[in-house]
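Colleague: Letter by letter, the chains look like this.
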Amino acid sequence: MDLSTIITMVVVLGIVCGGLGIFIFKAFKYEKLKSKNGKE
Amino acid sequence: MKQQEFFSSRWALIIASIGIAVGTGNIWRFSRIVAQNGGGSFLIPWVIFLLIWSVPLLIAEFAIGKSARMGPVGAIAKTAGKKFGWMGAYIVFVSAAIMFYYSVVTGWCIRYFYSAVSGDLFSTSEHLAYWNEFTSGYQPLLFHIAAMVLVALVVFRGVTKGVERVTKFLVPSLLVILFLLFIRVVTLPNAFEGIKYFFTPDMSVILDHKVWLNALTQNAWDTGAGWGLILTYAIYMKKREDISLNAALIGFGNNTISILAGITIFSTVFALSSVDAMQQVSQSGPANTGLTFIYLPLLFSRISESNLVNMVFASLFFLGLFFAAFTSLISMVELSTRTLIDTGIKRKKAIVVVASLGILLGIPSAIDLKFLANQDWVWGVGLILSGAFISFSIIRYGVDKFRTEIINGFGSDIKIGKWYNYVIGVLIPIQVVVLVSWWLISSISWDPEWWNPFHAENFGTVIFQWAIVLSVLIAMNKFLVKKTLSENSLSER
Numbered sequence: 001m002d003l004s005t006i007i008t009m010v011v012v013l014g015i016v017c018g019g020l021g022i023f024i025f026k027a028f029k030y031e032k033l034k035s036k037n038g039k040e
Numbered sequence: 001m002k003q004q005e006f007f008s009s010r011w012a013l014i015i016a017s018i019g020i021a022v023g024t025g026n027i028w029r030f031s032r033i034v035a036q037n038g039g040g041s042f043l044i045p046w047v048i049f050l051l052i053w054s055v056p057l058l059i060a061e062f063a064i065g066k067s068a069r070m071g072p073v074g075a076i077a078k079t080a081g082k083k084f085g086w087m088g089a090y091i092v093f094v095s096a097a098i099m100f101y102y103s104v105v106t107g108w109c110i111r112y113f114y115s116a117v118s119g120d121l122f123s124t125s126e127h128l129a130y131w132n133e134f135t136s137g138y139q140p141l142l143f144h145i146a147a148m149v150l151v152a153l154v155v156f157r158g159v160t161k162g163v164e165r166v167t168k169f170l171v172p173s174l175l176v177i178l179f180l181l182f183i184r185v186v187t188l189p190n191a192f193e194g195i196k197y198f199f200t201p202d203m204s205v206i207l208d209h210k211v212w213l214n215a216l217t218q219n220a221w222d223t224g225a226g227w228g229l230i231l232t233y234a235i236y237m238k239k240r241e242d243i244s245l246n247a248a249l250i251g252f253g254n255n256t257i258s259i260l261a262g263i264t265i266f267s268t269v270f271a272l273s274s275v276d277a278m279q280q281v282s283q284s285g286p287a288n289t290g291l292t293f294i295y296l297p298l299l300f301s302r303i304s305e306s307n308l309v310n311m312v313f314a315s316l317f318f319l320g321l322f323f324a325a326f327t328s329l330i331s332m333v334e335l336s337t338r339t340l341i342d343t344g345i346k347r348k349k350a351i352v353v354v355a356s357l358g359i360l361l362g363i364p365s366a367i368d369l370k371f372l373a374n375q376d377w378v379w380g381v382g383l384i385l386s387g388a389f390i391s392f393s394i395i396r397y398g399v400d401k402f403r404t405e406i407i408n409g410f411g412s413d414i415k416i417g418k419w420y421n422y423v424i425g426v427l428i429p430i431q432v433v434v435l436v437s438w439w440l441i442s443s444i445s446w447d448p449e450w451w452n453p454f455h456a457e458n459f460g461t462v463i464f465q466w467a468i469v470l471s472v473l474i475a476m477n478k479f480l481v482k483k484t485l486s487e488n489s490l491s492e493r
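Going down the list, the protein sequences come from chains V and X.
The first sequence lines up with residues 1 to 40 when you count with the working numbering.
The second sequence lines up with residues 1 to 493 when you count with the working numbering.
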């Protein structure tokens with residue numbers, strides 16, 4: 001596999017799948033916070 | 001009266017919205033377009049347009065739907081002003097026109113799932129003849145009716161008991177199916193060559209404008225951004241729900257699923273194809289179906305020596321394809337239904353009207369592939385105008401006011417910065433003008449009689465059909481807006 005393929009793979013998977021992972025994590029975090037605030 | 005129905009949680013809304021975004025386009029169109037546009041060279045602009053087309057428009061749709069609490073006609077009239085309700089009506093019309101033939105496509109998926117389960121699909125090696133025999137008979141019509149009746153039953157039960165309950169089962173099931181297929185095919189010998197091709201950029205085409213325009217088109221068509229469908233589901237989100245993070249989750253989630261499907265298809269083709277693999281992936285075939293309904297069945301018959309194993313994987317593939325199509329079709333039917341509800345018609349009556357029209361107006365596409373291709377072409381490009389109208393209504397409202405008061409208003413988890421003003425106010429309109437011009441100018445070269453409105457795929461047919469629809473809707477604007485915004489039609493019935 002040449003360097004350009006590896007770079008493309010890292011950039012595409014990093015942005016798309018990595019971005020999704022970060023947003024899922026954030027959504028869980030805020031949901032937890034909202035339900036905690038709702039109970040108080 | 002207060003609105004009665006809401007999605008039960010953030011995750012229910014996100015799953016249903018992923019169901020909108022993930023359709024057959026993620027599975028069959030994405031792989032074909034990647035193959036035709038130099039593999040990795042296509043993926044770079046495709047990621048960029050996710051950020052400057054899909055996510056901003058998804059945010060816009062969520063915000064308009066949540067604040068207006070009405071379908072596109074009322075929502076656009078409330079956001080842009082009563083003079084522009086026809087733009088909302090155009091968004092509804094385009095999604096309905098797509099619904100008519102998408103129900104036919106959903107029917108094909110049901111038929112091929114049945115063929116795979118029964119083993120009938122592997123009784124022949126002539127898959128083109130098998131496809132031609134199927135599409136030239138009465139069966140596409142029957143399966144189109146079956147698809148529309150099934151969707152109507154879901155929407156009939158309402159958002160919480162129908163749409164939410166069904167998508168909560170179908171979308172995770174689709175992901176499991178795609179993941180199972182992914183695991184199986186990437187472990188086949190030579191599959192790695194497919195993955196390599198998928199990610200290797202062809203440097204000679206990386207700056208080609210066609211690659212970039214195809215990447216923008218793919219984002220416009222397969223994320224569901226600008227269709228009015230997300231706007232419709234957003235009507236049913238609770239006030240405390242966030243807008244921006246949900247929109248990002250759907251855009252990035254949709255494109256992650258496209259990558260998963262793309263790797264699966266490329267690996268399958270490279271591992272199992274005996275002839276030129278690339279040529280097979282980039283085949284369009286009749287009504288853009290070549291790869292899915294003609295070549296993949298052939299490849300599935302070669303997964304293993306065991307016919308049973310091959311049947312299981314082919315069945316899973318077509319079941320997944322059916323789930324993807326079905327969840328998107330649900331949202332199209334809900335959009336039309338909601339539009340009628342806004343005019344004062346009760347949900348149960350509205351769904352009967354929408355399903356009956358859906359069955360009736362889908363018949364031409366079910367019996368004639370040329371008609372289906374014509375509608376796919378005319379309203380596929382028409383969708384880009386829908387995105388423009390959403391962007392326009394925010395510009396009319398005031399982009400900065402819209403961002404600070406609605407997007408970053410009550411319930412927002414993350415705040416959107418001023419970059420959004422620039423994207424909606426400048427970049428989206430530029431993308432619309434470039435994309436519509438490119439498609440229309442290109443279509444002149446496809447047909448010597450490019451002006452003839454009765455040809456399937458050319459310039460004339462697009463302008464002719466757009467002109468008729470836009471003239472009628474503009475003429476009916478006052479009536480449509482008055483009917484939709486009347487005092488007693490503001491709640492879910």
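By construction, these hints were calculated from the structure, which means they are not laboratory data.
Do not take every clue at face value.
Claimed, not checked - With a straight-line Cα cutoff of 27 Å, these simulated DSSO-like cross-link-like pairs (lysine-lysine) come out: (1) V:K36 with X:K478; (2) X:K370 with X:K238; (3) V:K34 with X:K210; (4) X:K478 with X:K346.
What the hints assert, rightly or not - A few chain V residues facing chain X, derived, Cβ under 8 Å: (5) M1; (6) L3; (7) S4; (8) T5; (9) T8; (10) I15; (11) V16; (12) L20; (13) F23; (14) I24; (15) F25; (16) K26; (17) A27; (18) Y30; (19) K32.
By construction, the Cβ of each residue, glycine as well, lies at the ideal position given by its N, Cα and C atoms.
Colleague: Does each hint hold? Answer for all of them.
Modeller: The hints, checked one at a time:
| no. | hint | in the structure |
| --- | --- | --- |
| 1 | V:K36 with X:K478 | 47 Å, violated |
| 2 | X:K370 with X:K238 | 43 Å, violated |
| 3 | V:K34 with X:K210 | 45 Å, violated |
| 4 | X:K478 with X:K346 | 22 Å, holds |
| 5 | M1 | 6 Å, holds |
| 6 | L3 | 11 Å, violated |
| 7 | S4 | 5 Å, holds |
| 8 | T5 | 4 Å, holds |
| 9 | T8 | 4 Å, holds |
| 10 | I15 | 5 Å, holds |
| 11 | V16 | 5 Å, holds |
| 12 | L20 | 4 Å, holds |
| 13 | F23 | 5 Å, holds |
| 14 | I24 | 7 Å, holds |
| 15 | F25 | 11 Å, violated |
| 16 | K26 | 6 Å, holds |
| 17 | A27 | 6 Å, holds |
| 18 | Y30 | 4 Å, holds |
| 19 | K32 | 11 Å, violated |
Hint compliance for this structure: hints 1, 2, 3, 6, 15 and 19 are broken, all remaining hints hold.
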